[in-house]
Amino acid sequence: MHQKSIERWSPWILLVGGILIWQLICSAFNVSEFIFPSPLRIWNQLVEFRTTIAAHAWRTYWVTMAGFGIAIVVGVLFGFVIGSSRIAYAAVYPLMTAFNALPKAAFVPILVVWFGIGIGPAILTSFLISFFPIMVNIATGLATLEPELEDVLRVLGAKRWDVLVKVGLPRSMPYFFGSLKVAITLAFVGTTVSEMTAANEGIGYLLISAGSAMQMGLAFGGLVVVGAMAMVMYELFNYIELHTTGWAHRGSQNN
Amino acid sequence: MSESADYFVNFKNVWLAYNDELLAKSQFAVEDINLQVKQGEFIAIVGPSGCGKSTFMKLTTGLRKPTKGSIHVDAQPVNGPLKISGMAFQAPSLLPWRSTLDNVLLPLEIVEPYRSQFKAKKEEYVQRALALLKSVGLDGYADQYPWQLSGGMQQRASICRALIHEPKMLLLDEPFGALDAFTREELWCILRDLWTEQKFNVILVTHDLRESVFLADTVYVMSKSPGRFVVKREIDLPRPRDLEITYTPEFTEIVHELRGHIGAIRQQQSPSCAQPIASIAQ
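Residue numbers (numbering that gives the first Met the number 0), protein chains in the order written: chain A, 0 to 254; chain B, 0 to 281.
Be a bit skeptical, because a hint or two may be false.
Derived lysine-lysine pairs resembling BS3-like cross-links, with alpha carbons at most 30 Å apart [said to hold, decoys possible]:
no., chain 1, residue 1, chain 2, residue 2
1, A, LYS165, B, LYS167
2, B, LYS11, A, LYS158
3, A, LYS158, B, LYS67
4, B, LYS67, B, LYS37
5, B, LYS37, B, LYS11
6, A, LYS165, B, LYS133
7, A, LYS165, B, LYS64
8, B, LYS198, B, LYS37
9, A, LYS158, B, LYS121
10, A, LYS165, B, LYS120
11, A, LYS158, B, LYS167
Just so you know, the hints here were simulated from the structure itself, not pulled from any lab data.
Note that the structure is a prediction, hence the values are computed from the model and not measured.
Bound-form chain A, shown alone (with noise of 0.2 Å):
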């Protein structure tokens, strides 16, 4: 029970510790806000900024959560597709890869020239950047299906589809909440790199307007919120993820 308690603590308490000694370090060696601001300078920001920050933030997020959901729309559908065909698996698959390793803040440029300043570009980027893990991972849960529990349903002359939507979908399931932590993250990314040339709003846009201001608590005060908007997603799907698909998670602690 103790040693539980410490562990479910254990990330609160690496990050109180670690803004301490960030204080610490700064107070001590008097390092200038203008370089590198201390925790409770960031904070009084924070404070100060509220508003602005709050708008900022809002539309970063809306607009990340668009991005993620068409990304999980597109990547669903096309690793639905991959995973199930072997030929469609053997011609996209190494077109994906070559696709994914083109590093999306380049294609910002391009889509602000198609879709101007604003929300496309950053929607875009966002999904771009957050769709192939998600491809991949549904891909994979079906491509690797067990052959015995297909012939379970084989054997009483299941069609094609029922062993997918018995079989593959629920068993591709862990795979594809595990993919979406991945995804939120990389997906909050996209919209900032995006946000940070093409846009006039959120976070990405404050970060280097402050930074240009020479206000460095501010700009790290956008970087916190940023993180701590992913960290909370990623909670969120973590929760979804064991109260959905608990029985692929029974590891011999939580028993």
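Let chain A serve as the given structure and place chain B on it in line with the hints.
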């Protein structure tokens, strides 16, 4: 045609090569299989490992089509997966995200006519599944997940799943192979009772000779590469058979006799072991 109607399962000169490449080299996984099984008969197939027993199962279920020859089951030619059979494997292969009850109900979600009535008659089906689980000693485990059950319990649930849609034929591919000796004997008796009650056809593939003699009406011995039936042995021990029978001289004699056949097959094979064996792919 009339001949095939007399038997429930009828294999006539069945050959199978897994692909064209192997066919060109005349490497067959099973060769010239002839098998006639009466309605309600319990047959067992024994043989050294890798002799094509699993291939034979795939042919019977229609998962594989023969390269040559014909297969009839229940007077119908086998062209694709049969819907009148239930199957259980060495691994219980239950779906871990479904409770034991839902695993047992799975075939009813697939096989007609149950499939289209599944929602309407769910309550009736659940009662049937619970009764079946009770008959194999899994009373009270319906809501547990497969990974919460022991290996023997999982295998019982797997047999329930194979029987829930009241198949005319039960195919068992080494179903008790991974269990300990006591659990295995317990499950022999459960299978014996289910079969005595419902009189479905059973094809049991096993490498346990005692198991085959205890349960089956007829035991077939299969040779290895080429996979063929070399011996057919009727087991004339009286039914109902009790576990005690396995300690009688008559029983032991039959087991010894079959052991002799298998030993002979293995000896013929051993000098040629260095050659590549076609049936490795199974």
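Here's how the hints hold up against the structure:
1. At roughly 24 Å between alpha-carbon atoms, LYS165(A) and LYS167(B) fall within 30 Å of each other, so this suggested pair holds.
2. Note on LYS11(B) and LYS158(A): the hinted pairing holds, with a Cα-Cα distance of about 28 Å set against a maximum of 30 Å.
3. Taking the CA atoms of LYS158(A) and LYS67(B), the gap is about 26 Å. The hint holds against a cut of 30 Å.
4. With a CA separation close to 23 Å, the supplied pair LYS67(B) and LYS37(B) stays within the 30 Å bound.
5. Proposed proximity of LYS37(B) and LYS11(B) is supported: the alpha carbons are some 15 Å apart, at most 30 Å.
6. At roughly 25 Å between alpha-carbon atoms, LYS165(A) and LYS133(B) fall within 30 Å of each other, so this suggested pair holds.
7. Of the pairs offered as hints, the one joining LYS165(A) and LYS64(B) holds, with about 25 Å between alpha carbons and a cut-off of 30 Å not exceeded.
8. Only pairs whose Cα atoms come within 30 Å are accepted, and LYS198(B) paired with LYS37(B) is accepted, the gap being roughly 11 Å.
9. In summary, the hint linking LYS158(A) to LYS121(B) is supported, as the alpha carbons are separated by about 22 Å, within the 30 Å threshold.
10. Straight-line distance between C-alpha atoms of LYS165(A) and LYS120(B) comes to about 20 Å, which keeps the hinted pair within the 30 Å bound.
11. Taken as a hint, the LYS158(A) and LYS167(B) pair is honoured in the structure, with Cα atoms around 21 Å apart against an allowance of 30 Å.
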